[in-house]
Amino acid sequence: SQKIEQNSEALNIQEGKTATLTCNYTNYSPAYLQWYRQDPGRGPVFLLLIRENEKEKRKERLKVTFDTTLKQSLFHITASQPADSATYLCAPPRGGFGNEKLTFGTGTRLTIIP
Amino acid sequence: EAGVAQSPRYKIIEKRQSVAFWCNPISGHATLYWYQQILGQGPKLLIQFQNNGVVDDSQLPKDRFSAERLKGVDSTLKIQPAKLEDSAVYLCASSLEESGRYEQYFGPGTRLTVT
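Line by line, the protein sequences give chains A and B. Residue numbers for the first sequence follow my numbering, beginning at 1 and rising by one. Residue numbers for the second sequence follow my numbering, beginning at 1001 and rising by one.
Next up, chain A with everything else stripped away, as it sits in the complex (with noise of 0.2 Å):
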C-alpha cells in the first residue's frame, strides 16, 4: 500500500544549527511533492514545491531535495530560530496527471531551543 513516513515525531534542535526533516513514500511515483509548515491551532501553510525534475529548491533560510530513486525528500532550515518552531507537513500527492490530490505525512514537530 501507499506510504508516506517522516522520519520522527519530535526533533528538537539548537539555536543556529541546521534542521532537516525526512519525507519517506512508498509505493508510488509523485511528480512532485509540496510542504507544509503548521502552528498549533493553525490550520498548514505552505512553503515550498519541488518538481521530480527539480533536484534541490531553495526559499531564504529553506531548502529542499526531492530523489525520487530514494523516494526521499529531504527539508532543511539553516540558521534555525525559535521563531522556527512549528509541525512540518511533507504532502507528495497521489493520483494520475491533472488528477493529483495532495496527500499529507503526519509531521514532525521541530522544537528550536535557544
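Hints are not guaranteed to be accurate.
If you want the footprint, here are the derived chain A segments under chain B, 3+ residues with CB under 8 Å [said to hold, decoys possible]: (1) 44-53; (2) 102-113.
Taking lysine-lysine pairs in the PhoX-like style, the calculated list, with each CA pair at most 20 Å apart, reads [said to hold, decoys possible]: (3) A:Lys59 to A:Lys17; (4) A:Lys101 to B:Lys1044; (5) A:Lys3 to A:Lys101; (6) B:Lys1015 to B:Lys1062; (7) A:Lys3 to B:Lys1044; (8) A:Lys101 to A:Lys71.
So the derived label-pair ranges between C-beta atoms look like this [as the list claims (entries may be wrong)]: (9) A:Asn12 to B:Pro1081: 35 to 45 Å; (10) B:Ser1066 to A:Ile113: 44 to 54 Å; (11) A:Thr78 to B:Leu1084: 36 to 46 Å; (12) A:Thr106 to B:Leu1084: 13 to 23 Å.
Please keep in mind that the hints were generated in silico from the structure rather than gathered at the bench. Glycine included, every Cβ here is placed at the ideal spot set by N, Cα and C.
Chain A is already provided as a structure; the job is to place chain B on it using the hints.
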C-alpha cells in the same frame, strides 16, 4: 487579500447530535477542500469541490457526513449523527485550480469535540 474563513472555531457536542461547519474560500479560488485532522496526524482529505461540483468524495463517510458548495463559493460540512471518533479539527482549504500542483490555502480550522 483575505484568507480562508471558517466558523465556528470550536464546537462541543454530544454523540448522536448534529453539527455544521462553514467555510468561505479566498475570492476567485475555484477549488475547495475539506480535511479532517485527528490529533497527531496529518490532514486527511474528505471532499473536494471544483466550483460547485464534487470532484472527489471517496473518503467522505457518506452515511453521516455531507457537504455542499452552493453557487461555487461558500461551503458547509455537516455531520449527522456525530460519533466519538469524529473528534478532530476540520480544515477548509482553497486553491486556484484543482490540480495538486497548486498550493492550498488553509483556514484556521474548527476543533470539534464529541462527548
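Going through the hints against the structure:
no.	hint	verdict
1	44-53	holds (count 4)
2	102-113	holds (count 6)
3	A:Lys59 to A:Lys17	holds, 17 Å
4	A:Lys101 to B:Lys1044	holds, 10 Å
5	A:Lys3 to A:Lys101	holds, 14 Å
6	B:Lys1015 to B:Lys1062	holds, 17 Å
7	A:Lys3 to B:Lys1044	holds, 13 Å
8	A:Lys101 to A:Lys71	holds, 18 Å
9	A:Asn12 to B:Pro1081: 35 to 45 Å	holds, 42 Å
10	B:Ser1066 to A:Ile113: 44 to 54 Å	holds, 46 Å
11	A:Thr78 to B:Leu1084: 36 to 46 Å	holds, 43 Å
12	A:Thr106 to B:Leu1084: 13 to 23 Å	holds, 21 Å
Comparing the model with each earlier hint shows no violations; every hint is respected.
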